[in-house]
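Quick mapping for you: the protein sequence lines, in order, are chains A and B.
For the first sequence, the positions run 8 to 437 when our numbering is used.
For the second sequence, the positions run 8 to 437 when our numbering is used.
Some clues are possibly wrong.
As the list makes no split between identical chains, a pair holds if one copy fits it or if it spans any two.
[Unchecked claim] The calculated lysine-lysine pairs, modelled on DSSO-like cross-linking and capped at a C-alpha distance of 27 Å, are: (1) Lys31 - Lys432; (2) Lys82 - Lys400; (3) Lys432 - Lys57; (4) Lys82 - Lys134; (5) Lys400 - Lys432; (6) Lys57 - Lys82; (7) Lys57 - Lys134; (8) Lys432 - Lys82; (9) Lys400 - Lys435; (10) Lys31 - Lys57; (11) Lys12 - Lys82; (12) Lys435 - Lys12; (13) Lys82 - Lys435; (14) Lys17 - Lys82; (15) Lys31 - Lys12; (16) Lys57 - Lys400; (17) Lys57 - Lys17.
Simulated from the structure, these hints should not be mistaken for laboratory data.
Protein chains: 2
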Amino acid sequence: MRIIKANEFKLAREVEYGTPEQNKAVHDILEGVRTEGDAALLRYTAQFDKAELQAEQLRVTEQEIHAAYERVEPKFIEALRRAAANIRGFHERQRRNTWMDVQPDGTMVGQVIRPLRRVGLYVPGGKAAYPSSVLMNAIPAQVAGVPEIVMVTPASTGGKEGIDPYILVAAAEAGIREMYRIGGAQAVAALAYGTESIPPVDKIVGPGNIYVALAKRYVYGVVDIDSIAGPSEILVLADDSADPVYIAADLLSQAEHDEMASAILVTTSRQLAEAVRSEVERQLETLPRRAIAEQSIRDRGAILLAENDAEAVETSNRLAPEHLELLVEEPFGWLGRIENAGAIFVGPYSTEPVGDYFAGPNHILPTNGTARFSSPLNVDDFLKKSSVIHYSKEALLRDGEHIMTLARHEGLEAHARAVQVRLEKEGKRP
Amino acid sequence: MRIIKANEFKLAREVEYGTPEQNKAVHDILEGVRTEGDAALLRYTAQFDKAELQAEQLRVTEQEIHAAYERVEPKFIEALRRAAANIRGFHERQRRNTWMDVQPDGTMVGQVIRPLRRVGLYVPGGKAAYPSSVLMNAIPAQVAGVPEIVMVTPASTGGKEGIDPYILVAAAEAGIREMYRIGGAQAVAALAYGTESIPPVDKIVGPGNIYVALAKRYVYGVVDIDSIAGPSEILVLADDSADPVYIAADLLSQAEHDEMASAILVTTSRQLAEAVRSEVERQLETLPRRAIAEQSIRDRGAILLAENDAEAVETSNRLAPEHLELLVEEPFGWLGRIENAGAIFVGPYSTEPVGDYFAGPNHILPTNGTARFSSPLNVDDFLKKSSVIHYSKEALLRDGEHIMTLARHEGLEAHARAVQVRLEKEGKRP
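Make a model of the complete structure from these sequences and hints.
Structure below.
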């Protein structure tokens, strides 16, 4: 793991736009499903997921969900339920109410805050099917009060036996009852445009491969989408009080995600830097996903030496990491200076997996430096606001002149007249 | 104005992606400014805005701002200040605080909520330079606590004399002190990437022409952007209690915006429908922007006859209008049934221009049916959240097993080990 000066380091930022061929394929699939509905959806499912289905078979049955519970060990269900309870509790604190500002003259302005009506959750197939991500995507929508949450996942998710029972159990625990065995760009199209079997949604969330990501970009505007996640990142801010064993383990927990993941240590201590470097080497040796973690550490990992604490914080704020660990003495004293980070893990027992799985905050976080302006997935992402404006007659008589002045300055005479016809009727002739 | 059945009407939805030539031009300008900085910015400003400037002249001076106040009539400043006070008051109600959930075992989870650090506001040139939009974009950012708000507007905004003094006054009233005379895709590039003279921002808001809109799409990800506005829309839900003169005036206040604007009346009353139709004809005759309004009413306007109140509401929810007026008896009785609308104007004195200019709610609203999932511009748009996770030793000892169970199920052994090394050190050997 390289050790370099903090001010010389720049993170590689990538955006994946897809090849022209991938874009063309996605465009064709979207148009196919939009114009032909179920017929195209079934055709693409046979072609890409190797599943020959009838329209009636698209929806996962109650019996399958029950059967899934039989196939999953109780220890897993117990852990999942506790995690779900924590996630629900954390997101319930984010709920917001409609409010109105009521004035003595009868004027009222406010915001009506409502859940979206119907949300689609995409769950990828194969090894990327994470029960924890099902909870993290579905629970905020459920807490927001979204009445219809629907999950889609490729027919092949669990191999030949059908959909992974762990995914079905996680979805059921998160309160989802409507699930379809579809995936890829065709599933995104079905959610966005609707088909005979699948009513359209208002928003699509959840990760997927490049085809899914491109399809989400294309349907944005017809429906809302979540942000498109980049490779995962951790930045550990540590001083001599930190245990190099913990730091190395935490860096590797990020590095094992994929070869593009970044694991960065920022410290003012050369001694710590070197201790962590050897500890990373040592821990790497026995990791099952060693090849991935090793490449990530080699290509994207770094230990950054800062001149002082101020430069260490400045470096972290500049990189705006997805995950930030504060492994320093008095970590809460540092919190106020952290400007940009998706999730901040404070102190030695708050290792990143605590947040990835269990503590309650969402693990869907801004990547690629977007923590400068983006937030973790949260309840607000499933709410919409409508402004409410109720003016009384007295208020319009009082303010009408000002409104006409502003409208006429902008050359919008019909705006002024909409006020004027009312003032005239009330006998106030401007 | 055509009168048709409510269930037969569909709004034309448009998305403007630009021609290949426009996309190419924008791409070249963005790359030019990104790689060459000020040199390219000045070159494009000379080419497109016909303003030959030095880098030192890009920033608007304090003297120019003072001079602008001399050129604007006191009546306008008075109206603007009252509007700004209302807008500020409405948005202050939206402020949010950092919160923490502190547990007896020392565990803490919460959200740190912070303003973005630096925001850029684009103000278009020519006739589209609206002081009211300056207030509506800048005040929510200011209320959010954004420390640096910067405005850009083409050098040519006010014709030969330089930037429109009304725009300068509106910006100053909204608290903006940093303003640059740049416009077009080159201004968006300067805000996103920064140049020698202009530090980069975290978010760009504000409307612009097709080049500006395309440039914003391209830089999204490097910075945040606001939504890209479609043509403006109004839907009036009215019954026999409503005054056809008011309805016609309100429909026309939308129609005068541009030929693509939609003005729709939904009612169960054929008598009202016909009265509004003649009244629209009558009021059109004396409108200064008659040609625009007439074309909008002809091409995009409609009076929709609903079978009953339920169908009227359903039609409104289906169209998800940007502006909705409830001109019915007991309008508050209807409010709860409105699912999708950017802003809801309740009762006969709440004509749309009250909200466009004055009442306090934002006039930057979701268009094109996106009120199904989007909200008016608001304080949240200028805030970012970071999750905070602080686990105590006791909590990790208690929950560690569950976390490892979930991580190992997902094949992420290094995640499990990050917990395990801590449990082992505490003498709890899993």
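How the hints compare with the structure:
no. : hint            : verdict
1   : Lys31 - Lys432  : neither (59 Å within a copy, 54 Å between copies)
2   : Lys82 - Lys400  : between (65 Å within a copy, 23 Å between copies)
3   : Lys432 - Lys57  : neither (70 Å within a copy, 49 Å between copies)
4   : Lys82 - Lys134  : within (21 Å within a copy, 67 Å between copies)
5   : Lys400 - Lys432 : within (11 Å within a copy, 72 Å between copies)
6   : Lys57 - Lys82   : neither (33 Å within a copy, 71 Å between copies)
7   : Lys57 - Lys134  : within (17 Å within a copy, 57 Å between copies)
8   : Lys432 - Lys82  : between (73 Å within a copy, 24 Å between copies)
9   : Lys400 - Lys435 : within (12 Å within a copy, 72 Å between copies)
10  : Lys31 - Lys57   : within (21 Å within a copy, 40 Å between copies)
11  : Lys12 - Lys82   : neither (46 Å within a copy, 59 Å between copies)
12  : Lys435 - Lys12  : neither (72 Å within a copy, 38 Å between copies)
13  : Lys82 - Lys435  : between (75 Å within a copy, 19 Å between copies)
14  : Lys17 - Lys82   : neither (43 Å within a copy, 53 Å between copies)
15  : Lys31 - Lys12   : neither (44 Å within a copy, 39 Å between copies)
16  : Lys57 - Lys400  : neither (66 Å within a copy, 48 Å between copies)
17  : Lys57 - Lys17   : neither (43 Å within a copy, 38 Å between copies)
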